[in-house]
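Enquirer: For reference, the chains in residue letters:
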Amino acid sequence: MIRITHLSKSFGSQMVLDDISLEIQEGELLVILGESGTGKSVLLKHLIGLLRPDQGRVEINATDITVLPEKELLKIRQKIGYLFQEGALYDFMNVFENIAFPLREHTTMDEAAIAQKVRGVLKLIDLRDVERKYPAELSGGMKKRVALARAIILDSKILFCDEPTSGLDPIRSRDISDLIRDISKRLGCTTVVSSHDIQNSFRIADRLILIREGKIAASGTQFDLKASNDFFVREFIQ
Amino acid sequence: MRVLNNFLFNGIIGLGNALWFLGEIIGHIVRCRIRVGDVFKQVYEQGLQSVVIIALTSLASGLVLALQGYVAMSRFGAKEYVAHLVALSLVRELSPVFTALIFSGKAGARITAELGAMSVNDQILATRTLGVDPIEFLVVPRFMACVVVLPILVIISEFVGIAGGYMIGVYEANIPGTFYINQTIRAVQYVDFFSGFIKVFFFAVLIGWTCCYQGYNTQGGSLGVGKFTTKAVAFSYIFIIVSNAILTKIILTFWG
Chain Z
1 MIRITHLSKS FGSQMVLDDI SLEIQEGELL VILGESGTGK SVLLKHLIGL
51 LRPDQGRVEI NATDITVLPE KELLKIRQKI GYLFQEGALY DFMNVFENIA
101 FPLREHTTMD EAAIAQKVRG VLKLIDLRDV ERKYPAELSG GMKKRVALAR
151 AIILDSKILF CDEPTSGLDP IRSRDISDLI RDISKRLGCT TVVSSHDIQN
201 SFRIADRLIL IREGKIAASG TQFDLKASND FFVREFIQ
Chain R
1 MRVLNNFLFN GIIGLGNALW FLGEIIGHIV RCRIRVGDVF KQVYEQGLQS
51 VVIIALTSLA SGLVLALQGY VAMSRFGAKE YVAHLVALSL VRELSPVFTA
101 LIFSGKAGAR ITAELGAMSV NDQILATRTL GVDPIEFLVV PRFMACVVVL
151 PILVIISEFV GIAGGYMIGV YEANIPGTFY INQTIRAVQY VDFFSGFIKV
201 FFFAVLIGWT CCYQGYNTQG GSLGVGKFTT KAVAFSYIFI IVSNAILTKI
251 ILTFWG
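Sequence order for the protein chains is Z and R. Note that the working numbering gives residue 187 to position 187 of the first sequence, counting from 1, and the numbers run on in steps of one. Note that the working numbering gives residue 175 to position 175 of the second sequence, counting from 1, and the numbers run on in steps of one.
No wet-lab data here; the hints were simulated from the structure. Incorrect hints may have been included.
[As the list claims (entries may be wrong)] Okay, derived cross-link-like pairs now, EDC-like style, lysine to aspartate or glutamate, Cα gap no bigger than 20 Å in a straight line:
| id | chain 1 | residue 1 | chain 2 | residue 2 |
| --- | --- | --- | --- | --- |
| 1 | Z | Lys75 | R | Glu136 |
| 2 | Z | Lys71 | R | Glu136 |
| 3 | Z | Lys75 | R | Asp192 |
| 4 | Z | Lys75 | R | Glu24 |
| 5 | Z | Lys79 | Z | Glu105 |
| 6 | R | Lys41 | Z | Asp91 |
| 7 | Z | Lys71 | R | Glu24 |
| 8 | Z | Lys45 | R | Asp122 |
[As the list claims (entries may be wrong)] Quick list of the computed label-pair ranges, beta carbon to beta carbon:
| id | chain 1 | residue 1 | chain 2 | residue 2 | range |
| --- | --- | --- | --- | --- | --- |
| 9 | R | Val52 | Z | Gln199 | 55 to 61 Å |
| 10 | R | Phe9 | Z | Arg132 | 47 to 53 Å |
| 11 | R | Arg31 | Z | Asn229 | 58 to 64 Å |
| 12 | Z | Lys185 | R | Ile34 | 41 to 47 Å |
| 13 | R | Gly37 | Z | Asp91 | 14 to 20 Å |
[Unchecked claim] On the chain Z side, residues computed to face chain R include the following (Cβ under 8 Å):
| id | residue |
| --- | --- |
| 14 | Ile48 |
| 15 | Leu50 |
| 16 | Leu74 |
| 17 | Lys75 |
| 18 | Arg77 |
| 19 | Gln78 |
| 20 | Tyr82 |
| 21 | Phe84 |
| 22 | Glu86 |
| 23 | Ala88 |
| 24 | Tyr90 |
| 25 | Glu97 |
| 26 | Phe101 |
| 27 | Pro102 |
| 28 | His106 |
A quick note: this is a predicted structure, and the numbers were derived from the prediction, not measured. Glycine is no exception: its CB is placed at the ideal position from the N, C-alpha and C atoms.
Required output: the full structure, derived from the provided sequences and hints.
Expert: Right, dumping it as C-alpha cells:
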C-alpha cells in the first residue's frame, strides 16, 4: 500500500503541492487528473523519491521513503516501475538492451534467460521485430511501449506512469491506456497514472483524484466525478 | 550591490555543488565502483575521436617550431640545438597544453552534449528510477576515460611533434638524422616527462570534472544542451590555461 500524508512542496515562492494526503490500495489503479502544471508529475516524483518534500511523508509498504538516503532509495526503486512522459529510453542502447538493462543490473540471470524474458515482455506489449532498433527509429507510441516494457521487466508490483498518452494520437492514446490497465491487472500492480486525458482516464481508472492549485479538489470513481456539483470538477471533466 | 551579492552567492553555491560532484566521482573511484567495460568503451570513443586532429596539430607544431628555431639559431651558429628546442618545448609545455585544449574541445564537448541530452530527456532520472546510480553508470566511465586517454594522446602528440621537427632538422637544416635523434634523447630528461605528465593529469581531471558536471546538470531542452556545452568548453579552456601557469611555476620552483 502507498500512503501519502500531509505532503507539501514548493519551488521558490510557488506552492505546487499543498498538504496532500492519500492512500492507494494494493492492486488499485489510480489516475491523478489535473491541468498542466498543477503538480501531477511532481507528486509522482515524490512517490519514487526523485523529489524530497518540504513537509509530509510518503510510505511505500510502510517504509517512509522521504527520509531514506539515495543509496537505500535505489534499492526500493528496483521494485517500482516508472514510465516517463517521453519514455526516457537510452539513446545509445537498442530496444533489446534497453529492456534487458534492469535485468542485467539487478539479477544474476544468464543471457539466454534474459533474452527469453525480454521476448516475453515484448510479446506482452505487442511489439515485434523491433529488438535491434534504436529509440530514434521508433514512433512515439512504440517508444512508450518499450519504456513500459522496461518498467515492468523486473516484475514490479508498483507502477507509476507520467502522462502516458501525451503527444499521441487518439488511437495510440487508447491503445497505451488499455495496455497499462491490462498489464496492471494481469500483473496485479498497484498503479498510479498522471494524466489530463479525461476519456482514457475514465476508461482505465479504478479511482481518480483531481488536483487543483496543489490540493485534491475531488476524489472517487468516474461516476462520482461526473455527479459532482463542483464547478471546477464539472468544467474539467467536460 | 544586490546584483553583486547574488552573483557571489550563486558562484559560491555553484562551486560547492561542483566540488560535491567531484567528491562523488572520487568517492566512487576510491570504492572501486568503476565499470571497466564502460571505461574502455569511452576510452575507445574519446581517443579515436581526438587522435587524428591531435596528431595533425602536433605535426604542424613540430614543423613550425623547428623552422622558427632553425632560422633563429642559425644566426648564432647553433642550429644543432634545434632538436633540443623542439623536444623540450613539446614535452614540457606545448604537447600537454595543446592536446588538453583540443581534447576539451572535442571529447569534452562530446561528454557534455551526451550527458546534457540525457539530462534533458530524463534519461539520468530514468537511471535513478531503475535503481542504478547514474554517477557510477554514466559519469565515472567518462571521467576515467579522460584520465586514461589524455596521457596517451599527449605521448602520441610528443612523438608526432618530434617527428615533425626531425623532418625540418634533417631535410631543411641538413642535420644528420642520427645526430638529431641523439640530441633529442639527450635533451629530454626524466624530469621533463614527469613535469609534463603532472600537468596532463591535472588537465584530465579538470576536463572530466567540468564537462561531466555541466552535462549532468544541463537544463532547458536542446538550447540548454548547446549553452551548457559551450560553457563546459569555455571553463575547461580557462582552467587549463590558468592551471598551466600555476603548475609551471610550481614545477620550475621545485625541479628547475
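Enquirer: Evaluate each hint against the coordinates.
Expert: Hints, one by one, checked against the model:
no., hint, verdict
1, Z:Lys75 - R:Glu136, "holds, 15 Å"
2, Z:Lys71 - R:Glu136, "holds, 12 Å"
3, Z:Lys75 - R:Asp192, "violated, 49 Å"
4, Z:Lys75 - R:Glu24, "holds, 19 Å"
5, Z:Lys79 - Z:Glu105, "holds, 13 Å"
6, R:Lys41 - Z:Asp91, "holds, 16 Å"
7, Z:Lys71 - R:Glu24, "holds, 13 Å"
8, Z:Lys45 - R:Asp122, "holds, 12 Å"
9, R:Val52 - Z:Gln199: 55 to 61 Å, "holds, 56 Å"
10, R:Phe9 - Z:Arg132: 47 to 53 Å, "holds, 50 Å"
11, R:Arg31 - Z:Asn229: 58 to 64 Å, "holds, 59 Å"
12, Z:Lys185 - R:Ile34: 41 to 47 Å, "holds, 42 Å"
13, R:Gly37 - Z:Asp91: 14 to 20 Å, "holds, 19 Å"
14, Ile48, "holds, 6 Å"
15, Leu50, "holds, 6 Å"
16, Leu74, "holds, 5 Å"
17, Lys75, "holds, 7 Å"
18, Arg77, "holds, 4 Å"
19, Gln78, "holds, 4 Å"
20, Tyr82, "holds, 4 Å"
21, Phe84, "holds, 5 Å"
22, Glu86, "holds, 6 Å"
23, Ala88, "holds, 4 Å"
24, Tyr90, "holds, 6 Å"
25, Glu97, "violated, 13 Å"
26, Phe101, "holds, 7 Å"
27, Pro102, "holds, 5 Å"
28, His106, "holds, 6 Å"
Of the numbered hints listed earlier, those contradicted by the structure are 3 and 25.
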